[in-house]
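Protein chains: 2
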Amino acid sequence: MLEHEATLCRKGGLILGLSMRQLAELAGVSRGTIDRALNDRPGIAPEVRAKILQLAQDHGYRSNRAGRMLRLNKSPLLIGIQMPARNNPFFQAVRAGIEQAARDLADFGLSVVWRTMPGYDSAAQVRQVQELIQAGVHGLALVPIDQEPVRRELAGLAAQEIPVIALNNDVSDGRRLCYIGNDYLHSGRIAAGLLGLATGPDPVPTLILTGSNQILGHNQRVSGFRETVAARYPWIQVEAVRENLDDDALSFSLVMEHLDGHPELRAVYLAAGGVAGACRALAARGLTGRVRVVCFDLLDETARCLRDGRITAAISQEPERQGYLAVKTLYDYLLDGTRPPDRIITKNEIIIREHEDVSEHTAAGQRRIP
Amino acid sequence: MLEHEATLCRKGGLILGLSMRQLAELAGVSRGTIDRALNDRPGIAPEVRAKILQLAQDHGYRSNRAGRMLRLNKSPLLIGIQMPARNNPFFQAVRAGIEQAARDLADFGLSVVWRTMPGYDSAAQVRQVQELIQAGVHGLALVPIDQEPVRRELAGLAAQEIPVIALNNDVSDGRRLCYIGNDYLHSGRIAAGLLGLATGPDPVPTLILTGSNQILGHNQRVSGFRETVAARYPWIQVEAVRENLDDDALSFSLVMEHLDGHPELRAVYLAAGGVAGACRALAARGLTGRVRVVCFDLLDETARCLRDGRITAAISQEPERQGYLAVKTLYDYLLDGTRPPDRIITKNEIIIREHEDVSEHTAAGQRRIP
DNA sequence: CTGAAAGCGCTTACAG
DNA sequence: CTGAAAGCGCTTACAG
Numbered sequence: 001m002l003e004h005e006a007t008l009c010r011k012g013g014l015i016l017g018l019s020m021r022q023l024a025e026l027a028g029v030s031r032g033t034i035d036r037a038l039n040d041r042p043g044i045a046p047e048v049r050a051k052i053l054q055l056a057q058d059h060g061y062r063s064n065r066a067g068r069m070l071r072l073n074k075s076p077l078l079i080g081i082q083m084p085a086r087n088n089p090f091f092q093a094v095r096a097g098i099e100q101a102a103r104d105l106a107d108f109g110l111s112v113v114w115r116t117m118p119g120y121d122s123a124a125q126v127r128q129v130q131e132l133i134q135a136g137v138h139g140l141a142l143v144p145i146d147q148e149p150v151r152r153e154l155a156g157l158a159a160q161e162i163p164v165i166a167l168n169n170d171v172s173d174g175r176r177l178c179y180i181g182n183d184y185l186h187s188g189r190i191a192a193g194l195l196g197l198a199t200g201p202d203p204v205p206t207l208i209l210t211g212s213n214q215i216l217g218h219n220q221r222v223s224g225f226r227e228t229v230a231a232r233y234p235w236i237q238v239e240a241v242r243e244n245l246d247d248d249a250l251s252f253s254l255v256m257e258h259l260d261g262h263p264e265l266r267a268v269y270l271a272a273g274g275v276a277g278a279c280r281a282l283a284a285r286g287l288t289g290r291v292r293v294v295c296f297d298l299l300d301e302t303a304r305c306l307r308d309g310r311i312t313a314a315i316s317q318e319p320e321r322q323g324y325l326a327v328k329t330l331y332d333y334l335l336d337g338t339r340p341p342d343r344i345i346t347k348n349e350i351i352i353r354e355h356e357d358v359s360e361h362t363a364a365g366q367r368r369i370p
Numbered sequence: 371m372l373e374h375e376a377t378l379c380r381k382g383g384l385i386l387g388l389s390m391r392q393l394a395e396l397a398g399v400s401r402g403t404i405d406r407a408l409n410d411r412p413g414i415a416p417e418v419r420a421k422i423l424q425l426a427q428d429h430g431y432r433s434n435r436a437g438r439m440l441r442l443n444k445s446p447l448l449i450g451i452q453m454p455a456r457n458n459p460f461f462q463a464v465r466a467g468i469e470q471a472a473r474d475l476a477d478f479g480l481s482v483v484w485r486t487m488p489g490y491d492s493a494a495q496v497r498q499v500q501e502l503i504q505a506g507v508h509g510l511a512l513v514p515i516d517q518e519p520v521r522r523e524l525a526g527l528a529a530q531e532i533p534v535i536a537l538n539n540d541v542s543d544g545r546r547l548c549y550i551g552n553d554y555l556h557s558g559r560i561a562a563g564l565l566g567l568a569t570g571p572d573p574v575p576t577l578i579l580t581g582s583n584q585i586l587g588h589n590q591r592v593s594g595f596r597e598t599v600a601a602r603y604p605w606i607q608v609e610a611v612r613e614n615l616d617d618d619a620l621s622f623s624l625v626m627e628h629l630d631g632h633p634e635l636r637a638v639y640l641a642a643g644g645v646a647g648a649c650r651a652l653a654a655r656g657l658t659g660r661v662r663v664v665c666f667d668l669l670d671e672t673a674r675c676l677r678d679g680r681i682t683a684a685i686s687q688e689p690e691r692q693g694y695l696a697v698k699t700l701y702d703y704l705l706d707g708t709r710p711p712d713r714i715i716t717k718n719e720i721i722i723r724e725h726e727d728v729s730e731h732t733a734a735g736q737r738r739i740p
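Heads up: the sequence lines are chains P and U, in that order. Every letter in the first sequence is one number past the one before it in my numbering, and letter 228, counting from 1, is 228. Every letter in the second sequence is one number past the one before it in my numbering, and letter 366, counting from 1, is 736.
Heads up, simulated DSS-like pairs for lysine-lysine below, C-alpha to C-alpha not over 27 Å straight-line:
#1 LYS328(P) / LYS698(U)
#2 LYS444(U) / LYS74(P)
#3 LYS698(U) / LYS444(U)
#4 LYS74(P) / LYS328(P)
Hints are computed from structural coordinates only; laboratory data are not their basis. Note that the structure is predicted; figures quoted are calculated from it, not measured.
Let's have the full structure, built from the sequences with the hints guiding it.
Laid out in structure tokens, this is it:
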């Protein structure tokens, strides 16, 4: 792995690279000077810097994370979290992941400060972000509302070199360190594959319920679905696409209404919320089990629907892990400049009824946080 | 969280518990003495120890992991890994997870030493475990062959207080720190649910191919499957259960033979290996796609079968994560005595064809290691 | 039985 | 521009 065996040192069987101390000895300077060179700090003669950098490269020097992490306890890192729609159970799962990461990293000099709000008001989001900056955060993770005021604010943070992570929802102009969340297009394709697997070869009249046509992720879940259906599952026949605004009552009446005109309905695909409402409508018409239901995110009511056999399957996107990784990724970046990939995509987990059956010791394991 | 606010100290917004240094000041002793009391070391007056322990409890003292982790670089930790069947692609995935963890923890004073072997010879496994002990490992993870010589050896290690993790396969007498792997019974149930979802209501004559009746995990996958089928999916009719010894050639001929007697076959459930062989037999009879195939573990050939539509779905058990967690769990235990649960159960991930479709940025994300 | 020192690898504030 | 010291929290020799 490391190229210059000569400079490796072994301790109790462990092969180590060299430390700043050893590098200092090699270069004949103090450790402070090594630090100045390696970390681009001012107050060092250019030729000394060059020499040290060369030496570091030659010997494969890599900064040791344990040293930095301990050091951070002396001048701790503060990161801010901003989340909209705080009553949404999905975001509560994301939040649980964030809190777990905060606990895990507390010993390593990290602390986390929160701002949450109900709903999706971009002005309020901007205000809370500014509050976090005022509080002195070194980095920020938020579920951005992709509108102009928010984008402008994020551009400002980019200028100040404050790293920002877009969590669960991306911003369209990409002024952020990275995106962590679902690939919505792909998840739509998975949903199609799943419904394809659960149906056919007889025709399957299908209703699509999306949350809002204004939301990119929802649209991508619809188009990913349609694309795959067209390519592989011709028996799935989309009769209509309706917006339910993630609302159960609206979802209920849309399904009822649809059934009036299309009694042959055999599948409902929900790209966003309103799952329980749709299930209620099917139950009201005695169609539970006869009509396949595929949806996203396994929380609360949805889990209950799955256990009751009212849902065929759900596709989950590792919400806790999204939250955990947001904190961890920011921490690593702030610790030693580790650059994450542009997008960190979480899995599309297909959850069926049997996942919810509790076997001996299983439940805890299946629901563990990253 | 911490109860005694009075003794908390704040630094840059971070709320910290107290350190050994502060505890030493409070107790009016040196840090060495604090260490002796807290870590049960000899050479300390009983009443001093008692006083310090009381004080630590009162102030909610918790040892800081960053301190310990850095310290480990001075006298590094060595853990041993023993794996059988080294050519098995499944174990290579586990291995990749172990190697990732080893890289992640190298900065924190961990190094890993390996012994692997072909096949499943318990005498050879015992020998390699002894070699690792000779090499001075502080802990051990292995895929144990659950036979008497191995169990006896593990009992010996338990007596020496060397922590051992059973990876992917448990030992029946439980002489180990913890088990990390699949819940085979549950995974059999998931397989049944999946096949149930992909079939019915017409009868589905089904062939079960298991690896070996000698292997507990395989038997559990069969019984979990049968149990759930009986309870929920009566149209799934098991015509036969045959052993293919994880062998593709045998698997091929068993399916061919079965089809001779049971041309109405509509599903094959593979509880272990030999997937490609079974698929080849179905293809030879022109039954690809007409006969549902559900199997475990997505590697190499199996992944290809899935992409080609020769498999309906596979159930994966996070092999990389199993390996990663084995190392991490041992490390945490050796670092500060963190006790893992008795069993750490990895997920049963249902993988369908659309998971393998590569979307823009998806592939890397879906296959990331923990 | 107890304490003072040194060290793991890093960074910062201070003195020159 | 550079170095020596102190410190993050822990543990281990060593001296008494």
